[in-house]
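One letter stands for each residue in the lines below.
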Amino acid sequence: MNAFGLAPLILVFPVIGLLLNGFFGRRFVDADRKTGEKLSGGFASVMALSSFAIAVLMFFSLRSHEFHAEVINLFNWIVVPSAKLQIPWAIQVDTLSVTMMMVVTGVGSLIHIYAIGYMHGDPNFSRFFTYLNLFLFFMLILVTGNNFLMLFVGWEGVGLCSYLLIGFWFDRVDKNGLPMNANAGRKAFVANRVGDLAMILAMILMFWTFGTLEFNTVFQSAVELFEEGHMVHFGLFSATLPAVLTAVTALFLMGAAGKSAQIPLYIWLPDAMAGPTPVSALIHAATMVTSGIYLIVRSNVLFEIVRASGELLFGIVSSADLVAYTGAATALVAGLIAFTQFDIKKVLAYSTVSQLGFMIAAAGMGAYVAAMFHLITHAFFKGLLFLGSGSVIHGMEHGHHHLAHGDDHHDDDFDPQDMRTMGGLRHKMNSTFIVYTIGALALSGIFPLAGFWSKDEILAHGGEHNFAVYLMLTIAAFCTAFYMGRQLQMVFFGKPRHAAAEHAEESSPLMVIPLWILAGLSVVGGFLLNLPFLTESLAEANHNHPTGIFLALEGWLEHSIQAFHLSEEGIVHLPHTPIVFSPMVAGLSTVLAVGALLLAFKLVYRDRPQTADERDPLEKIPFVWKFFAALPFETLFMKGFIPLFNKASHWLGHTLDGTIWHDFVHERVIRDNFVGFASFSADVLDTNGVDGLVNGSAKAVKRLANLIRRSQTGYARNYALSVFLGAVALVVYFVYMAN
Amino acid sequence: MLTILTFLPLLGVAAILLLKFFEKETDELIRRIALGTSAIVFVVSLVVLIGFDTSVGGLQMVEHFDWIPSWGISYYLGVDGLSILMVLLTSFISLLAVAASWTAIKTQVKQYYIFMLLMQLGMMGVFLAQDLFLFYVFWEFTLIPMYFLIGIWGGSNRVYASIKFFLYTMAGSLLMLLAILYMGITNNTFAVPDLIAGREAFADVQNILFLGFAIAFAIKVPIFPFHSWLPDAHTEAPTAGSIILAGVLLKMGTYGFIRFNLPLFPGAAAHYAPAIAVLAIIGIIYGAIVSFPQKDVKKLVAYSSVSHLGFVMLGIFSLNEAGIQGALLQGVNHGLSTGALFFLVGVLYEQRHTRMFADYGGVWKAMPVFSVLALIVTLSSMGLPGLNGFVGEFTILLGSMGAESLGPNPWIYTAFATTGVILAAVYLLWMFQRVFMGPLDNPENKKLRDLNGRELAIMLAFLLFIFWIGIAPSGYFKLMDSSVASLVSNIGSSLVVMP
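Protein chains in written order, with our numbering: chain G, 2 to 740; chain H, 179 to 677.
Nothing false has been slipped in among the hints.
Cut-off 30 Å, straight-line C-alpha distance, at most; resulting in silico cross-link-like pairs (DSSO-like, lysine-lysine):
id, chain 1, residue 1, chain 2, residue 2
1, H, K473, G, K648
2, H, K625, G, K176
3, H, K624, G, K35
4, G, K176, H, K624
5, G, K640, G, K627
6, H, K624, H, K284
7, H, K543, G, K176
8, H, K473, H, K543
9, G, K648, G, K176
10, H, K543, G, K39
11, G, K176, G, K627
12, G, K627, G, K347
13, H, K656, G, K85
14, G, K496, G, K627
15, H, K543, G, K35
16, G, K347, H, K543
17, H, K473, G, K176
18, G, K627, G, K603
19, G, K621, G, K603
20, G, K496, G, K621
21, G, K496, G, K347
22, G, K640, H, K473
The set of hints was computed from the structure by calculation and includes no laboratory data.
Just chain H, same shape as in the assembly (with noise of 0.2 Å):
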C-alpha cells in the first residue's frame, strides 16, 4: 500500500511521456492528468489513514524487504503517528498545488507537470521510509525536480534563487551522509527500529552525529541563522513551488528532527536542546521583525515562515508529549495557512504581475470575496483561537513551560516565544492592510477580478481545515498520540540511564 502511495505518480509521469502515441497532446490533457494522478494519491492516502490504527505507537503498514543486504541496507517503509499527518499533508497540498498551477503555467506544461509528480514522489519517499540509506535517497531526489521548479519557471532572478536553493540544502545534507554511514557501518544496518534499538553503539559519538543531522535538517527547516536561501527561493519559485516549499518541503526538516535526532541520539538532544531552542526563539522574534519592513509580500510571507518554523522547533525541543504533538500539528497548520497565502499572492500575481505592496492597496472594493478569505488565512496564520494557528501555537507554548529539557526556568523560553504573538500581528495586520485596506487609488487594481470557480474551491479546501483544525482538533492529536507517548517514554528511558 505505501509503495503503492510513493510510486503512484510514477504511473502520471508515464502516462504524460506516452499521451503523444495515443492523442493529441494538449496541455489542458496533460493538467488533467497531472490532477487525476494526485487526486488518487490523495485517495490512497486516505485509504492509508482508514486504515491506520491510532492505539499502536509503532510503525504501521510495514513493507520490508533486503536491498544490498551486504551492507544492511533495505527497502522499508512504514507509517506511524509521527508521520501520518506529514503524508497526507503531503498529498494534499500536492493536489492543490497542481490545481493552482492551472492558468499560471503557459510554458513548457508538460515538463512542469512531470517535475510536480516527481516531487510528490521524493516527498512521500522521505515521510515513509524507515531506512536511512533509502530516505536519504529520497531526500535528495526531492531537490532536482524543486531546482527545476524554481530555475524554468520561476521569476526574474530563478536561476541564482534556484542554484543557492540546490547548494545550500547539498551541502547541508553531506554531514548528514557521512552521519548515516558512520551509524550504518557500525551497527551493519540502515534500519532505524534497529539502530534506535542499538543506539548503544554509537552513543559516545551521538553528539557528532546529531549535530552531522541537525545541520541538514537546520537548512531545511530552516533555523535562524540558516535561513538565507529561503527569501530567495520563495520570492523567485512559481506559486505551486512556494506551496509545496511551504507546505511540505520545511515540514521534511521538523519531520527530520523528530524521526530521527531525538530517538536516535536521545542524550545529544536533551544537551543540545536548550541551545536549539535559543536559536528557536530567536527565530520566532527575528523572523517576525524582519517580515514587517519587507517590501514584497512573498517575501513577507517567506520570513514569517522562519517566525512560524521557530514554534515548530521549540515544541520539538520540549522534548514531551504537548510540545512535540503541538509541532507536529503546527507543521500541518504552517503548511495550510502559508500555502493560501502564497496560493493567495499567486492569484494577485496572475493579474498584476506584481509582488510589491507598493501596487497595490484598498483592493477589498475590488475583489471582496478574495479579501474577506485572505483575512480568514492571515488571522490563521496569525493564531486566532478558533482557527487552527492557536492550536498548535498553544500546545506548543504549553509543552514547553512543563519542559525539563529546558531546565527549572522554562518560562522564560515561553515567555519570550509569546512575544510572536504580538509581533505576528504587527507584520500580518500590516501587510493585510497595505494590500486590501486603504483607499482603491491605483486604476489597474480597479480591473481585478474576484475569485473564479477554480481558485474559490482551492480556497475553500484550504479553509475547512483551517476551520476544522481550530474547532475540533482532538481527531489530529489522537493520530498522533500514541506514538509521540512512546516515543517521549523511549527518550526518558534513555535518560535515565545516562549519567
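Isolated chain G (complex conformation) (with noise of 0.2 Å):
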C-alpha cells in the first residue's frame, strides 16, 4: 500500500482551516461565544489532525515502499528558460521530511486543542487559530519541499505567522508605554530576517554551481563534482568546490542561527515570550525553532563535503566545526543566562535556546540522527514544559481574579509569570504539577526519560570526536539540571509568597488532558525511538524486515542521511550513520543531572526565597549572576547596535538627505543660483547686450527657417500631427485657464 498521491492534503487542510476561520471564524464567535469558540478551535484542530494522519499514513506508505523517497510534483513556479532557472512547488516524501511531518502535526495537534481552553474569551479568538493554521502550513511546506527555495518559503513564512502570533497582543502596553508585544515580533523577524540573507546568498550560491535548487540533484552532483575535483565556474567568477560549498555552509549556519536561535542571533527568542503560552509551545520550542536543525541534517551531504575536504573557513576553522562550536556555545551561554530570570517563561525561553544549541552542536559533529533524535524528544518535554507553564501561569491569573473581586487586595503590578510570586503550587495544581515534574526530569536527563537518551548520544559523539565541545555540552547539562530544580522549587513547593499564589486553581481538562499525552510521550519517547544498546541489531532487523512495527530512529533516518568520509580512494560511503553509546558518558551525565538537581532543590533553593522580596542566593555569586544576568548580547543589541542605528538613519534621513542634500543643494545652490542668473540676464543682459543679440538672433532665425521648411513636406499626416499637437495645447490651456 502506498498512498504518496495524498502527500499534498497534507498542506491542504491547513489552508482550508485557515481561510474558514479567517473568512467566517469571528462570525461564529461573535454570535454566541460558547459553541463558536468550540466551532472555530475545534476546526483547526481536526485540520491539524487531519494533517497528522496524513503523515501518518505517509510513515507507512513509506514503510511499504521499502523507504524510497517519493517526489509528488505540484506545479512549476518560477521558470525563465532563458536563464534555465526552473523551480517546481514539489513535495519530497523521505524518511526526514515524514519524521518532521509527524513531529509538527502531532506536536501541534495537541497545542491546538490546548489552546481552545488557554485562549477562551480571548476577543480575536479565531485569528488566532488562523494564525495557527496558517503557521502550520508554512511549517508543513519547510519540511515538505523538495528544494531549497520552497523550504525557504516556509522558512520565511513560519518567521511571519511568528511575527504575527508574538504580536497578537499588539496593543498591550509595557510599564513604560511602549507596544512590547508588537515590539517583540518586530525584533524576532528582523533578527530573522538577518538569517534569511545568508540563506538567499546560499541559494544563489547554490544555484550557479549546480544549477538547480532541488536537494537530490544538488547533494548528487555535489558529490560526482567533490570526486572528480573540478572547480566551480559561473560568470568570471571561478573557485574550487570545497571553498564554495564552505561559503555556503557557513551561510547555512547563519541562517539557522537566525531561525534556531543560535549565538549572536538568540535575542529574538526570549522576548518572543511575550506571545499566548500555546505559541511559544509550538512555535518557539518544537517547532519552527528547530528548523535551523533540519537545514543543516537535511543538507548533511554539503557539511561532510567541507569535512572530508578540510577546507577551512578564514584558514581558521572548518565550517562544520564551526556549526559545532556555535551550538555548544550557545547551550552553555544560554543554560548560564537561564538560571538568572525569574519569569517562569524567559527560563524556559533560555532552556530552548541552551537546547537548541545541542542539536546544533550535534549536527555541526555530523551526529545527524543524534540532532534528530533530541529534536523529536525535545519537541515533546519542552512542549510540556510550555504547556505546563502556561496552565501555571492560568491559575495564578485566575488566583489574582478571585482576588481582586473577593476584596480590595489589587496590585495593578502583579506579574503572574514571576516566580517570586509563586510557591507551594503542587497543592493547588496537582495534575500540573506531576505532569511539569516529568517535564522537567526528562529536560534535565534522568534515567529513562525521553531528553537521557537523546542528550546523552550528543555527548557521547562529543566524547569520541571533540572534547572541547563535549566539555561546554556537559556543563550546559549541569546548568540544564540545575535551573530546572530552581524552577521547581520556586514554583511548585515552599510556601506561597503571593496571595495569587494561595487562590491558584487546577487549569480545564481540556488544558490538562493534552499535557498528559506529552508526559506520556516524554516519558517513553526516548526509550522507544533509540535504544542506543539495541540500535545496531534494530537496524538489522529492519534491512531484513522492512514492514517491522518499531523502527529505531537511526534505521529509519539512514534512508536520508548519507554517511561517508574521504579516504585516499575518494569518497568512500557507509553503510549508515555510525552510532556511539559510552556507559561512562552515560553515567557521568547521569550523576551530574542528579547532583544539580539536588544541587539546586535541596540546598540553594530549599525554603528560599521566602518572600516575593527576598534577593536570589545566587545573587551573592558576583560574576556569574551579574554577568549573565546583564544579558551581554542582548544589552549589546539594545543599547548599542539600536541606538546607533537610529542616530544613523535620522541622520541620513533629516539630516543628509534633508537639510544638505534637499534644501541646501537643491534649493540654495542650484535653484538661487539659476534664479540669480537669470535675472542677470533679464536685468544686465538683456539692456547692455541686446544689439548684438539682435544681430545674432536674425540670423538665427533665417536658419531655423530653413529647418522648419524641411518640415513642410505637404503630407497630411505631418498637419494632423500638428493639429494633434495644438489641440493638446490648447486643451491644456483651457483646462488651466478654467480654475
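Using the hints, put the two standalone chains together into the complex.
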C-alpha cells in the first residue's frame, strides 16, 4: 500500500482551516461565544489532526515502499527558460521529512486542542486559530519541499507567523507605555531576516554551482563534482568546490542561527515569550525554532564534503566544526543565563536556546541522527513544559482575579509569570505539578526519561569526536538540571509567596489532557525511538524486515542521511551513520544531572526565597550572576546597535537627505543660482547686449526657418500631428485657465 | 491595434468635453466616462496580450509609416517581450487609479479626468514607440498632465512639488534629446531597430551618448543621487497621482535603460555596469535607511521606491537573462505593491486628512479588513516568498551573482544588495506597527470606517496579481523570455567584437 498521491493533502487541510476561520470564524464566535469558540477552535484542531493522519499515512507508505524517497510534483513555480532557472512546487516524502511532518502535526494538534482552553474568552479567538493553521501550513511547506527555495518559503512563512503570533496582543503596552508585543514581534522578524539574507546568498551560490536547487540533484552533483575535483565557474568567477561549499555551509549556519536562535542572533527568542503561551510551546520550542537543525541535517552531504575536504573558513576553522562550536557555546551561555531569570517562561526560553544549541552542536559534529533524536524528544518535553507553564500562569491569573474581586487587595503591578510570587503550587495544581515535574526531569536528562537518551547520544558523540564541544555541553547539561531544579522549587514547593498563589486553581481538562499525553511521550519517547544499545540489531532487523512495526530512529533516518568519509581512494560511503554509546559518558552525565537537581532543589533554593522580595541566593556570586543576569548579547544589541542605527538613519534621513541634499544643494545652490543667473540675464545682459543679440538672433531665425521648411513636406499626416499637438495645447490651456 | 490602444483615451477626452452639448454635465457622468474609457483600454491591452506570440523575440503588431521622411522620422509602434508587461501594467494601474479617485477628487472633476486620460495616452505611447523621435514626444508629453495633477489636486505644498518635478525631469531629458538628434542625424533614421543595426556608426562616441540617455532615465527611475524630486512629488500628489507615479512613471526610466541603453550602446553599458550597479546598491541601502525615520507615511513609501528601484537597476546591469527578466518583473511588482500602498494611505487620508504616523496607531482594531490587506501588501513589498516581490528580487539577485558585467567577484555586489532584505523588514514593519499596532488611543481613529465595496474591489484587483505572480510567475517570464534572450545575445555578440 502506498498513498503518496495524498501527500499534498497535508498542506491542503491547514489552508481550509485558515480560510474558513479567517472568513467566518469571527462571525461564529461573535454570534455565540460558547459554541462559536468550540466550532472555531475545534475545526482548526480537526484540520491539524487530519494533517497528522496524512503524516502517519506517509509513514506507512514509506515503510511499504522500502523507505525510498518519493517526489510529488505539483506545478511549476519560477521558470525562466533562457536563464535555465526552474523551480517547482513539489513535495518530497522521505524518512526525514516524514519525521518532521509527524512531529509538527502531532505536537501541533495537541497544542491546538490545548489552545481552545487557553484562549477561551479572548476577543480575537478565531484569529488566533487562523494564525495557528497558517503556521502549520508554512511549517509543512518547510519540511515537505523538495528544493531549497520551497524550504525558504516555509522558512520565511513561519517567521511571519511567529511575528503575527508574538504580536497577537499588539495593543498591549508595558510599564513605559511601549507596545511590547508589537516590538517583540518586529525584533523576531528582523533578527530572522538577518539569517534569511544568508539563506538567499547560499541558495544563489548553489544555483550557479549546481544549476538547480532541488535537494537530490544538488547533493548528487555535489558528490560527483567533489569526487572528480572540478572547479566551479560562473560568470567570471571561479573557485574550488570545497571553497564554495564552505561559503554555503557557513551561510547556512548564519541562517540557522537566526531561525534556531543561536549566538549571536538568539536575542529575539526570549522576547518572543510575550506571545500567548501555546505559541511559545508550538513555535518557539517544538517546531519552528528547530528549522535550522532540519536545514543542516537535510544538507548533511554538503557539510560532510566540507569536513572531508579539510577546507577551512578564512583559514581558521572548518565551517562544519564552526557549527559544532556555535551550538556548544550557545548551549552553555544560554544555560547560564537561564538561572538568572525570574520569569517562568523566560527560564524556559533560555533553556530552549540552550537545547537548540545541543542539537546544532550535534549536527555540526556529524551526529545528524542524534540531533534529530533530541529535536523530537525536545518537542515532547519542552512543549509539555511550556504548556505546563501556561497552566501555571492561568492558575495564577485565576488566583489574582479571585483576589481582585474578593476584597480590595488589588495591585496592578502583579506579574503572573514571576516565579518570585509563586510557591507551593503543588497543592493547588496537582496535575500540572506532576506533568511539569516529568517534563523537568526529562529535560534534565534523568534516566529513563526521553531527554536522557537523546542528550546522551549527543554527549557521547562529543566525547568521541570533539572534546571541547563535549566539555561545554556537559557543563551546559549541568546548568540545565540546575535551573530546572531551581524552577521546580520556586514554583511548586515551599510556601506561597503571594496571595494569588494561595488562590491558584487547576486549569480546565481541555488543557490538562494534552499535558498528560505529552508527559507520556516524554517518559517513553526516548526509550522507544532509540535504545542506543539495541540500535545495531534493530537497524539490521529493519533491513531484514522492512515492514517491522518498530523502527529505531537510526535505521529509519539512514535512508535520508548519507554518511561518508574521505579516504585516499576518494569518498567512501558508509553503510549508515555510526552510532556511539558510552556507558562512562552516560554515567557521568547522569550523576551530574542528579547532582545539579539536588544541589538546586535541596541546598540552594530549599525554602528560599521566603518572600517575594527576597534576593536570589545566587546573587551573592558576583561574576556569574552579574554577567549573565545582565544579558550580554541583548544589552549589546539594545543599547549598542539599535541606538546607533537610529542615530545613523536620522542623520541620513533628516540631515543628509533633507537639510543638505534637498534644502541646501537643490534649493540654495541650484535653484537660487539659476534664479540669480536668470535675473542677471534679464536685467544686465538684455539691456546692455541687446544689439549683438538681435543681430545674432536674426541669423538664428533664418537658419531655423530653413530647418522648419524641411518639415513642410506636404504630407497630410504631418499636419495632422501639428493639429493634434495644437489641440492638446489648447485643451491644456483651457483647462488651466478654467480655474 | 497599438494605435487604437494608445489613442483610445482621446475618445474619452472628447466625450467628456462634448458632454455638455448632449446631457447635463455631472461629475458622476464624467467619472463614469473616464472609468469606462480606462476599462476599454484595459480590455484592448488584453486583446494585444492574446495576440502576442511569446516565441518571437522581435517586435510584433508593428505599425510603421513615414512621418517626416526627410529627417528619417517615422510613426513606428510595436510591442515585444520588453514592453508587453509594461503595457499591461499601464492599462491596469490607470484603470485602478481612475477608480481610486472616485470620492477623493471633489474639485474640477472634469479637468482632472481629462488629465488622467491624457496621462494614459502618454505612458502607453512611451512603451510602444519604436522611433526615438516619437518616443521623445510621448516622453515629454507625460510631464504635462502629471504636472497639473500634482499642481492642482495635490497637497499643501503642491505648486513647489509640481514645478520641481517638471524642471528636474525636463532638465534630464534635454541631454537625451541631444543624443537622439545626434544618432538620428548620423544614421538618418530614428527607428530604433535600424539604429541598433547601425550602431557601429556612433560606436566611437557611445559612452557620451549612453550618459545622455542614462541621466534622463536615472532621474526618472530615480537612481541615487537623483531622487530628490521623488519624495516631494509623491507626498504632494493626489492618491491617484502617486499610484501612477510609482506604478508606471518610474518604470519608464528602467524601461528606457533596457530598451535603448543596452542594445544601442552595449559597449558603454558593459563599461558603466559596475558604476551603475554601485549606485543601485547605494540606492537600495540608502533608500531603506532613509525610509526608516520618516514621520510621513507617504514619504516613507516614496523613499522605499528608491530602494526597490535600486534592485531593478542592479538586475538590468547584470546584463544577463535572469537579471533583466527579474528587473522587468520587479518593475511590475513594485507598481503593484507600492501602488497598493499609496492607495491604502489614500483611504486613510480621505477619512483622517493626515499622513503623519503620530496621528495613527492601533488602526487594526478599527479597520480589521483594511489592516489584513495592508499587511499582505506590506509583506509583498518586503519580498515575502509566496508573494510577488520575492520572485522579482530573487531573480535579480540570482542574475547579479552570475553577472559577467560585474567582474570576477560579483558576489560582493549581491551580498551588499541582499542587505536590502533586512532593511526592508526594518522600515516596513516599523511603518506597519506605527499605523496598525499599539493601542487605539486616538478618539478620531476609533471612528474610522473599514473598506467600502469600491475600495475592496480595487484592493482585490491588486491582491489577485500579488498572489498570482508570487505563486505562479512562469507565465510572466514566458512573455518576456524570447525578447530578453535575444537582447542579451545581441549585447553579447557586440561585446565579443569590441576590443
